[in-house]
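J.: Based on the provided sequences and hints, a complete structural model is requested.
Sequential numbering of the sequence shown, starting at 257, is according to my numbering.
Hints in this document: simulated from the structure, not taken from any laboratory.
The reader is advised that the hints may include incorrect statements.
Distance ranges between label pairs, derived from CB positions [what the hints assert, rightly or not]:
no., residue 1, residue 2, range
1, 349, 375, 25 to 31 Å
2, 409, 378, 37 to 43 Å
3, 311, 373, 15 to 21 Å
4, 408, 315, 34 to 40 Å
5, 354, 414, 22 to 28 Å
6, 422, 386, 14 to 20 Å
7, 347, 311, 17 to 23 Å
8, 381, 426, 16 to 22 Å
9, 409, 376, 39 to 45 Å
10, 313, 339, 31 to 37 Å
11, 311, 404, 21 to 27 Å
12, 388, 315, 18 to 24 Å
We put the beta carbon where it would ideally sit given N, CA and C, even for glycine.
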Amino acid sequence: MCYPAFCSWHHGHCSVIRHKHDEALVKSVTREGKPEELLRGPLYYVLVLLFTVLVFWRESPIGIVSLSMMSGGDGFADIVGRRYGSAKLPFNDKKSWIGSISMFISGFLLSAIMLFYFSSLGCIHVSWEEAFGKLALVALAATAVECIPVTDVVDDNISVPLATMLVAFLLFGSNTQ
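T.: Okay, structure coming up:
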């Protein structure tokens, strides 16, 4: 969607090398600011993003919803939860009520916006009479998975999109354009 915004000059591809030792950049994409964290959450995020794009591209609501829940839902849950999340969930003291609520709302909204966008471009066809209920169920499932206290075993950058893909597949089906 944003490829035209990137530089076509090959020097632009190499500009990321200068960020190798950028401490501010490392702190912005890790939770504790440690460079070794880049090999966990952020790496998993990129791999799941790549997998989703390769498997679903833009012809399937499954990929669109999965990426929306991961980027919009889980992304906002982290930001809002860290800033305002004093009331923790009773079964997971690393997660907050406000973070989980923001995950559900922002994931649902971004999914709806992105489905509308790709639908208006003719990439996918969705039944809007059914889509909102299905999106609510997908957002609820993604939020529930994100709340489960298993991040020491499975990173939520893996569990949330996989759960989202499964539920979206069950609800939207495998039909692509």
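J.: Are the hints correct? Go through all of them and say.
T.: Status of the hints after comparison with the structure:
In this structure the supplied range 25 to 31 Å is violated for residue 349 paired with residue 375, their Cβ-Cβ distance being about 40 Å. Between residue 409 and residue 378 the Cβ separation comes to about 41 Å, which falls inside the hinted range of 37 to 43 Å. For the pair residue 311 and residue 373, the supplied restraint of 15 to 21 Å holds, since their beta-carbon distance comes to about 20 Å. Range check, residue 408 to residue 315: Cβ separation about 36 Å, and the 34 to 40 Å hint holds.
In this structure, residue 354 and residue 414 meet the distance hint of 22 to 28 Å, their C-beta atoms being roughly 24 Å apart. Take residue 422 and residue 386: their Cβ atoms lie about 18 Å apart, and the range 14 to 20 Å holds. Between residue 347 and residue 311 the beta carbon distance is about 32 Å. The supplied range of 17 to 23 Å is therefore violated. Between residue 381 and residue 426 the C-beta distance comes to about 19 Å, which sits within the given range of 16 to 22 Å.
The beta-carbon spacing between residue 409 and residue 376, approximately 40 Å, falls within the hinted interval of 39 to 45 Å. Distance hint check for residue 313 and residue 339: the Cβ-Cβ separation is about 35 Å, which falls inside the suggested range of 31 to 37 Å. With their beta carbons about 24 Å apart, residue 311 and residue 404 fall inside the hinted range of 21 to 27 Å. In this structure the hint that residue 388 and residue 315 lie 18 to 24 Å apart at CB holds, the actual value being about 21 Å.
The structure fails to meet hints 1 and 7 from the earlier list, while all remaining hints are met.
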